[in-house]
Amino acid sequence: MLALLPQLLLTGITIGSIYALIALGFVLIYGVTGILNFAQGEFSMLGALVCATLLAWHLPLATAALISVAATCVLGALTERLAVEPAFGAHPLTLIIITFGVSMALRGLALMLWGADPYALPEFTPGPPLVLLGGVLVRQAVWAIGLSVAVVGALFTFFVRTVPGAAVRACADNAFACRLVGISPRRVSLAAFTLSAALGAVAGIVITPITGATYDMGLGLGLKGFVAAVIGGLGNAPAAVVGGYLVGIIESLATGYLVPGYAGAITFLVLLAVLFLQREGVLHGAQRRQA
Amino acid sequence: MTASLLQVSGLVARRGSVEVLHGIDLEARPGEILAIIGPNGAGKSTLLGAIAGVYPARAGRITLAGRPITGLPAEAVVRLGISLVPERRQVWSGLTVREHLLLGGYHRYWRHRSEVRADVALPQGIFPRLLDLDRRLGGSLSGGEQQMLAIGRGLMARPRILLLDEPSLGLGPLIVREIVHALDRLRRAEGLTVILVEQNVKAAMATADRVAVMERGRIVLRGTPAELLAHPGIKAAYLGKGYEIAG
Chain R
2 MLALLPQLLL
12 TGITIGSIYA
22 LIALGFVLIY
32 GVTGILNFAQ
42 GEFSMLGALV
52 CATLLAWHLP
62 LATAALISVA
72 ATCVLGALTE
82 RLAVEPAFGA
92 HPLTLIIITF
102 GVSMALRGLA
112 LMLWGADPYA
122 LPEFTPGPPL
132 VLLGGVLVRQ
142 AVWAIGLSVA
152 VVGALFTFFV
162 RTVPGAAVRA
172 CADNAFACRL
182 VGISPRRVSL
192 AAFTLSAALG
202 AVAGIVITPI
212 TGATYDMGLG
222 LGLKGFVAAV
232 IGGLGNAPAA
242 VVGGYLVGII
252 ESLATGYLVP
262 GYAGAITFLV
272 LLAVLFLQRE
282 GVLHGAQRRQ
292 A
Chain B
6 MTASLLQVSG
16 LVARRGSVEV
26 LHGIDLEARP
36 GEILAIIGPN
46 GAGKSTLLGA
56 IAGVYPARAG
66 RITLAGRPIT
76 GLPAEAVVRL
86 GISLVPERRQ
96 VWSGLTVREH
106 LLLGGYHRYW
116 RHRSEVRADV
126 ALPQGIFPRL
136 LDLDRRLGGS
146 LSGGEQQMLA
156 IGRGLMARPR
166 ILLLDEPSLG
176 LGPLIVREIV
186 HALDRLRRAE
196 GLTVILVEQN
206 VKAAMATADR
216 VAVMERGRIV
226 LRGTPAELLA
236 HPGIKAAYLG
246 KGYEIAG
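Just so you know, the protein sequences line up as chains R and B, in that order. Mapping of the first sequence onto this note's numbering: residues 2 to 292, in sequence order. Mapping of the second sequence onto this note's numbering: residues 6 to 252, in sequence order.
Careful, some of the hints might be misleading.
[Claimed, not checked] Computed Cβ-Cβ distance ranges for the label pairs, DEER-style:
id: 1; chain 1: B; residue 1: Glu120; chain 2: R; residue 2: Ile98; range: 43 to 53 Å
id: 2; chain 1: R; residue 1: Leu79; chain 2: B; residue 2: Ala81; range: 17 to 27 Å
id: 3; chain 1: B; residue 1: Arg93; chain 2: R; residue 2: Ile97; range: 41 to 51 Å
id: 4; chain 1: R; residue 1: Met105; chain 2: B; residue 2: Gly148; range: 46 to 56 Å
id: 5; chain 1: R; residue 1: Thr163; chain 2: B; residue 2: His236; range: 48 to 58 Å
id: 6; chain 1: B; residue 1: Thr229; chain 2: R; residue 2: Ile98; range: 57 to 67 Å
id: 7; chain 1: B; residue 1: Arg116; chain 2: R; residue 2: Phe277; range: 49 to 59 Å
id: 8; chain 1: R; residue 1: Glu124; chain 2: B; residue 2: Arg122; range: 41 to 51 Å
id: 9; chain 1: B; residue 1: Arg93; chain 2: R; residue 2: Ile98; range: 52 to 62 Å
id: 10; chain 1: B; residue 1: Ala81; chain 2: R; residue 2: Gly166; range: 17 to 27 Å
id: 11; chain 1: R; residue 1: Pro87; chain 2: B; residue 2: Ala211; range: 13 to 23 Å
id: 12; chain 1: R; residue 1: Ala121; chain 2: B; residue 2: Arg116; range: 27 to 37 Å
id: 13; chain 1: B; residue 1: Gly148; chain 2: R; residue 2: Phe269; range: 50 to 60 Å
id: 14; chain 1: R; residue 1: Phe159; chain 2: B; residue 2: Gly21; range: 55 to 65 Å
[Stated by the list, open to error] From the derived model, a few chain B residues whose C-beta atoms are all more than 10 Å from chain R:
id: 15; residue: Val17
id: 16; residue: Arg34
id: 17; residue: Leu179
id: 18; residue: Ala187
id: 19; residue: Pro237
id: 20; residue: Ala242
To be clear, the hints were calculated from the coordinates, so they are not data collected in a lab. Ideal Cβ placement from N, Cα and C applies to all residues, glycine included.
Could you put the whole structure together from the sequences, leaning on the hints where they help?
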C-alpha cells in the first residue's frame, strides 16, 4: 500500500504542475477583469493540437511549440476583443456564460478541424524513465514540472519586480485609480487574456506527450485548473499554484488507492467542500470581488 | 491678464443617469490655485472628474492650452498634463508606496524609464514621510499618509494642472498645513496650476488665488478670496460670523 505512495506523489506533482499553470490563467483573468474564463482549458487544447499539426508538417518540435503558443496567444486576444470586451460592464454572470460559449465554440471548431481521434506529441527528450525515491518518472514529467516552475517563476518576477507587472496588479486592485495614471484597464485585460492563453498553451503542449491530445481535453484540464484556482481563493496567484499541485496529488492518490474512475469525482467533492467550508479558499486569499 | 491654461465652457455632465453639471464655465490660469467650494452635492467632485475625463461631457467643451480635450478618456487626459487626485484617495491597497509613485509616472514609463525612476525623488522631497514608508503597502497607511501618497502619485504624472478633490478630508490640521505648503511651493517652483475642491472653506480661502462657488451644478459666484469675503451671503453661508482672512 505505502510502496505505491512515492509513485503516486510523483504522478500527482507532474499533473499538478500542469493544473497550476491553468489555475494561474484563471487567477490572472479573474483578478484583472472579475471574469471566470471557462475557455481557459481550450487554450491548452488548441496549443497541443496546433503543435501536433505543425509537427506533422515536419517543423522541429521547438519551433512548432513556439508557433502554437503564439497562435494561442492571438486566439486569447481575439477572445477578449471579440467576445468579452464588447460585453464589458455587463453582469458578471453574463460574462461567465460568454466564456462558456467561447469554450464550446472552440471545442466544436477543434472537432471539425482535428476530428475526435487523439493526437500524440513525442517526448521532448526521449529516453528511459528516471527512478526517483522509489518511483518512476518519465522524462517528459521532468519537463512538465521544470517548465511549469520556470514559467511560474518568470511570471512572479514580472509581477513583483517590474513596473508593467505592478500595473497589472494595480488593475486588479483598483482599476479606477489605474485610469487616472494612464493605465488603460482594457489594455491590461487584453494582456491578461493573451498571457493566460500562453499559460494554457504551454500546459497543453507539455502534457500531451504523456496524455495525448484530443479536441475535448480542454474541458477536464480547465475544470481541474478552476478547482485549483478556487482552492487558492481565486484572487491569490501563489495559492492557486499550490492549489494546482494539491489537485494533482489528490487526483493521483484517489486513482491509486480508490477506484480509478472516481478521481474526477473526488476532485469535485474537494471543490464542494472548499466552497462550503470557506468561501475565500483554503489558503487565505485575496478578497472576493463584489459581483 | 494671463492667458488661461484650462478653459471649460458650457460643460454639462452626468453621473450615472443624473445630470449633475448644468453648464459650467471655468478657467484656470498658469500657476494659480483655484478653489471650488460649495455645499455637498453641488457637483464639485463631478466637475473635477469631468475635466479629468472620468465622466463624459454631454455638452460643452474643455480645452487645455487651446487644445480640445472634451470626450477624451481619463487615461488619455493624464498624458496631456491633467492629473486628478480623487476623493477617497483611491490608493492600491496591495501595492507598495514606491510602486504607487512609479505607476504615477506610468504614461512616461515606456519611453523615459530612468527619468521616471529618478522622478520618485520629487514627491519624496515634498513629503519626506513617503521615503520612510517606501516598502509599505498602500492599504496599511494612515489617512494622512494615503493622502500624501495620492498627491505624490498625481505629481509623478508631471502634470501642468493638478486636480485635488478634498485633500483635507479626515486629516489633522498639521498634515493639511503640510500639504498646503507643498502645493504653494510647487506652484512657485514649477508653475503648477492647482484646482482644489474643498469642504474646509477656511483652508481653501487661505490658500487660493481665486475661488469659485458652486451650487446645484452651477457656478454661482467667483472672485478672489477677499472679494468673496466682502460678499455678505458667502461669509454667512460658509464661514460663520467674525471670520477674517488669516495673514
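- request: Quick one: which hint numbers does this structure break? Sort them smallest to largest.
  value: Going through the list in order, the structure violates hints 3, 9, 11, 12, 13 and 14 and respects the others.
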